[in-house]
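> One-letter residues, chain by chain:
There are 2 protein chains.
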Amino acid sequence: MKLQIYSNRLSQPCRAIIIFCKLHGIEFEEINVSVAKGQQFTPEYKVINPMGKLPAIVHGSYKLFESHAILIYLACSFPGVADHWYPPDIQKRAKIHSVLDWHHSNLRQGEVGYVQNRTLKPILGGKLDPEAAVNEKLLSKSLAKIENLWLKRDGKFLLGNFRPLIAYLSLVCEIMQLQLIPESYRNRILIPYKKVPQWVEDTRNTTNPYFDESHFFILELKGVLTVDSLVGINKETSLV
Amino acid sequence: MKLQIYSNRLSQPCRAIIIFCKLHGIEFEEINVSVAKGQQFTPEYKVINPMGKLPAIVHGSYKLFESHAILIYLACSFPGVADHWYPPDIQKRAKIHSVLDWHHSNLRQGEVGYVQNRTLKPILGGKLDPEAAVNEKLLSKSLAKIENLWLKRDGKFLLGNFRPLIAYLSLVCEIMQLQLIPESYRNRILIPYKKVPQWVEDTRNTTNPYFDESHFFILELKGVLTVDSLVGINKETSLV
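Protein chains in written order, with my numbering: chain A, 12 to 251; chain B, 12 to 251.
Chain A with its partners taken away, still in its complex shape (with noise of 0.2 Å):
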């Protein structure tokens, strides 16, 4: 029953999963839906995941979808993961849900929208949003709640604990993918910030060689990122 993964490395959260994953030593096979072709929306990834999003996960005849459900679900089902990462006491595991629901609707909608209307939807055909600036505002806001709340004690990690939480390979994937965008635009969204890119360093370090490897498709990517980049590095890399 080994677990399948459903993923495009181009995708924050499926980073997030896979990195959750071979720290773990948690076996699994990584398939590759190609957004650049559209395969998330095809009737075969439907019948994974009907939503017609990246990541799903299939363990046995179990399906199932959203990432952050998904982590806390290996989390909870494979042996060899350190209480840290999701506690089980129930304030602290409560912590952990409140930032992973804060971040739907703040890092994530400002960081989404703002990469998109700065990148992809250029490559990709699509016109430069008006909703840009709200996007880069709400991005803006979220990273500065991580700064000055969250990051606000001395220690590495947020809710002032040392050793990393769930919540944490969710947040920094998302931070990095701001290295899709051009650099000018990158240094002007996170030049007010010292602690989240330290954090963000930390967070790479504890988790290495997995995080580096993650990240591989989109550092290839950064500054060169065309369709045919996009469609080509599927195919190179074999994944589908």
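Certain hints may be false.
Since the list can't tell identical chains apart, any single copy or any two copies may satisfy a pair.
[To be verified] Here are the simulated lysine-lysine pairs, DSBU-like style, with alpha carbons at most 35 Å apart:
| id | residue 1 | residue 2 |
| --- | --- | --- |
| 1 | Lys74 | Lys163 |
| 2 | Lys48 | Lys103 |
| 3 | Lys13 | Lys163 |
| 4 | Lys48 | Lys148 |
Treat the hints as calculated values from the structure; they're not laboratory data.
Keeping the supplied structure of chain A fixed, place chain B upon it in accordance with the hints.
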């Protein structure tokens, strides 16, 4: 150590929590935070929830925000909550997490944007957002997913389960927010669906009298929504 709930009955996630507590005999003090007066942005409230949003709870020295995290915390912390609300089985629990995660970026994002554009923004002096059509599309797509995916079986509720889950309260209270928009808009949104309104009604019947009691505010406001009515009703109920 009586539970304190910082709430406003205009807020759909607040109503979900209030209904859950009343249904399970969880004693609480309800502290109204007037959104019309912007009380969620005051320094006093930001000590409770630094995000400046509703709801939030204080349980002894423990503070928590984000309604889904709160519902899970309550289901796990208080005795007398039947297992079906948040089953201990890892796979069933993961399905609930999946629905709640999906909710953030789909039903909630579409509904909040649409209702704000159609009702609250004009009243509060804001301009109609050109994104209203995008929000309507996301809202309709989300309702279609509930109708055709989660309610497709003959079970009264999502996931083929006849007994309610915490996710029902979040989703149904969100749909109830459509009571705030003019009837013609509401009808246009809801008319394609048969199972969704029945499911809302079933959830209402299962959780009454608390469901109706919690929705009293928005049903009173229906069709007469003005800034004065918002401030007036907050005053009259003396919840502040």
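> With reference to the structure, classify each hint as holding or not holding.
Going down the list of hints, with the structure as the test:
{"no.": "1", "hint": "Lys74 - Lys163", "result": "between (38 Å within a copy, 17 Å between copies)"}
{"no.": "2", "hint": "Lys48 - Lys103", "result": "between (41 Å within a copy, 33 Å between copies)"}
{"no.": "3", "hint": "Lys13 - Lys163", "result": "between (41 Å within a copy, 29 Å between copies)"}
{"no.": "4", "hint": "Lys48 - Lys148", "result": "both (31 Å within a copy, 23 Å between copies)"}
Going through the hint list in order, the structure satisfies each hint without exception.
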